[in-house]
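Chemist: Next come the chains, spelled out residue by residue.
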Amino acid sequence: MNVAILSRRKFLIGTAATAGGLSLGFHVPFVTQAQESVLPEVNAWVLIRPDDTVVIRIARSEMGQGTLTGLAQLVAEELECDWSKVTTEYPTPGDSLRRNRIWGNFSTGGSRGIRESHEYVRQGGAAARLLLVAAAASLWKVPADECSAANSVITHASSGRAVTYGAVASLSAQMPLPANITLKTPQEWKIAGKPLPRLDTRDKLIGKQIYGVDLTLPGMLNASIKACPVFGGKVVSFDAAAISGMAGVRKVVQVDETAVAVVADTWWQAHFALNALPIVWDEGPNTNVTSETIASMLQEGLDAENAVVGAAIGDARAALGGDAKVVTATYSFPYQAHATMEPMNATARYTSDKCEVWVPTQNGETSLAAAAEASGLPIEQCEVYKLHLGGGFGRRGNYQEYVRQAVRLAKEFPGSPVKLIWSREEDMLHGAYHPVTQCRFRAALDASGNVAALHMRISGQSILWPLRAEVRETGRDPAVFQGLNDGGTEGAFGYTIPNLLIDHAMRNPPVPPGFWRGVNLNQNALYVECFIDELAHEAGIDPLEFRRKLLIDHPMHLAVLEAVAERVGWEKPAGNGIHRGLAQIMGFGSYVAAAAEVSVTNGQLKIHRIVAATDPGHIVNPAQAERQVEGSFVYGLSACLYGECTINGGRVEQENFDTYEVMRMDQMPAVETILMPSGDFWGGVGEPTIAVAGPAVLNAVFAATGKRIRQLPLKNNSLGV
Amino acid sequence: MARLTINGETRDIDVDPETPLLWVLREQAGLTGTKFGCGIAQCGACTVHIDGVATRSCALPVSAVEPSQQIVTIEGLSEDGSHPVQQAWLALDVPQCGYCQAGMIMAAAALLNSTPKPSDDDISAEITNICRCGTYNRVRAAIKLAAETASASQKG
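Going down the list, the protein sequences come from chains A and B.
The first sequence finishes on residue 1637 if you use the working numbering, and the numbering steps up by one all the way, no holes.
The second sequence finishes on residue 442 if you use the working numbering, and the numbering steps up by one all the way, no holes.
A few of these clues could be false.
[Claimed, not checked] Think about it this way: if two alpha-carbon atoms lie no more than 25 Å apart in a straight line, the pair counts; the simulated SDA-like pairs of lysine to any residue are:
1) A:K1001 to B:G367
2) A:K1110 to B:N423
3) A:K1124 to B:G367
4) A:K1124 to B:T291
5) A:K1631 to B:E412
6) A:K1124 to B:L346
7) A:K1001 to B:L378
Read the hints as simulated data drawn from the structure, not as lab findings.
What you are looking at is a predicted structure, and each value in this text was computed from that prediction instead of being measured.
Can you make the complete structure from the sequences, with help from the hints?
Modeler: Below is the structure:
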């Protein structure tokens, strides 16, 4: 990924380039040589240099998931270019705005990067190819349809002429836009669909990949920030004089009602001085909030009369009455921090007519909006330059407070860039946490072991409540029912139960919730898949056989489950001391399943082996899809085994990795991935598998110990005798 | 003032002696390949070599490093990414977001220096760096591949 900013501006077409305030004279110091040469833009997606190197523009953000490579493969496939000459760059959100959002949505979350843009990026590649062919045909004065393109070369077979893309790139931009574009079918793919290596690996091996925290600009100042650790608290006062003489300190700034920052020559100077700064907080109304008070609040919701219905079939309440055999269980899932390896950060430069922000962001457009809001400048006078993310996981999408903070700091130093980096402590104390919920199941089993009725009551927090007015007005958050929908293409509930009620009592503690890789699918799948296991046990039926009966109307849900069962050898005995568990779910448009093999010795859990299957319809890069599935077990099992932000005194108690435990190498099981794309639809890959990681392991833990782990994380439960 | 030998070059750096080595490398020496992750030597993103030993630089005051000690960062592990560990990482396309990977690579290179043929238990015990994307199994495979490559090239 190039971080070129200047050069492509030279080639903006039409009125776009004449907008005021464009930083034509600006240079990022690490711009490489090539960007300073002429880069002919074939169209918005494709630039080709005279030496035939191809730059493909990608609007979605790369945060490890491989979308940069996958989307480039889709463009290159239709472009018919030489893959070995492909590099990528990000268009800026400001350019996109000026060009009528020509690159579409910048938002990179919800496992949507490829599934929601594959069509228009392929069309962008195909249009570029047609423009290049038209340019060659016009040079040769032959009909374009007599020419063909392959591997960056255009050929006119009957006259034997050939020309490379680089030679006609400039001319191609003057050709009329093609009227009809026919995309290839996936069966015709040569670049897409192949397990190609990532485009961004090499720089990451030699320390050259520039992340947000690594940005260096001429005259740049550095800042460290501290917000009131208690949610809802404010700054009362601080004693700037106490640190004003410390080395490098430029200024102590109250950034907003809640936070104070120190700006210094270097980040370490800023951070060291900030830690010495006396700050008086008004801790606000939440000082009595603890994990226990939050748990009580949610517990009340489990029995509340009022709840929003997500799915209703038959009459579950009636079917659970009378003399049915009713099985009941209550689960809970705690707050989780994203804990991206790169802490939140942003760099901003402000002048009276321009605000620029450099930021690792999952959504350049929300970053741009935040820059405009904080700078007070019209959005046309703001610009965002996206940098590579050291992890995103949902934290860097909707919530751009670090951008607003950086801009406010930059306003104190007009003309000078200010880089704000949060400390790890700030990052953990001020997250947008995976929300808390509890879940109570009541199920009726008939004499044959059929599930006659199921009521799943979820009580807890809504991620959309702080974001959307209609959610606050109605108390209805559709995202709460992820994976539990009655049909649909995003996340249909797979089990056929004649009397089914899934409802939600919204309870919002004063801890900010956020989208966290996998979002609500994580706990919903964990609750459902563990409870289905409980029901199978109660009915005395093998958990796979039990699910087969319930999945009768959902063969694609069943297919991934059968695949993991077969690979793990479910029908055969496990090794000595090894026990197995299963889970399946549909989410983010894909079907996923996992099987786990574990042992428990003297109360110690060891996860030996995971088998995972995923059907996302189409797969653009199997090697990257495999990595996403495998990595899902690190994120999902970290949460299941250890992840927990506890609340005391209205604040999070875990401030760093010493108390917020995550999975490390020694706990990592072997993972076997089965990719089974069935075609005809486009599902996501980065998130869904996280949801089956926890329940597959917990069901195996039950098989090993007879213990049901219903209160997460597992570390708080004894597995000993 | 601190006198440090970084990637073979001796440099005098005007800095408070209590400054962690990590921030001297990143802010004074301009070597940003070494990453800040936690500040308390928990995550390993800041791993460098000091006299060949993997060391977490974020909690180590620069004053604790002698001028004669050889500090090697990811930028100095090889000139061109040709170190066997880097090559193994490339062959297996290990990184995802990549932020932890410089620390992983430095920890792996130090492990192979002291234990040329590490067992799975050696790897689990010595590579305690945190990766949130989930590259652990590929890191393990790449360490084994690097060990094989290094031993093959020594024999050859």
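Chemist: So, for every hint listed, does it hold in this structure?
Modeler: Hints and how they fare:
no. : hint              : in the structure
1   : A:K1001 to B:G367 : 20 Å, holds
2   : A:K1110 to B:N423 : 22 Å, holds
3   : A:K1124 to B:G367 : 11 Å, holds
4   : A:K1124 to B:T291 : 21 Å, holds
5   : A:K1631 to B:E412 : 23 Å, holds
6   : A:K1124 to B:L346 : 24 Å, holds
7   : A:K1001 to B:L378 : 21 Å, holds
Hint violations for this structure: none, all hints satisfied.
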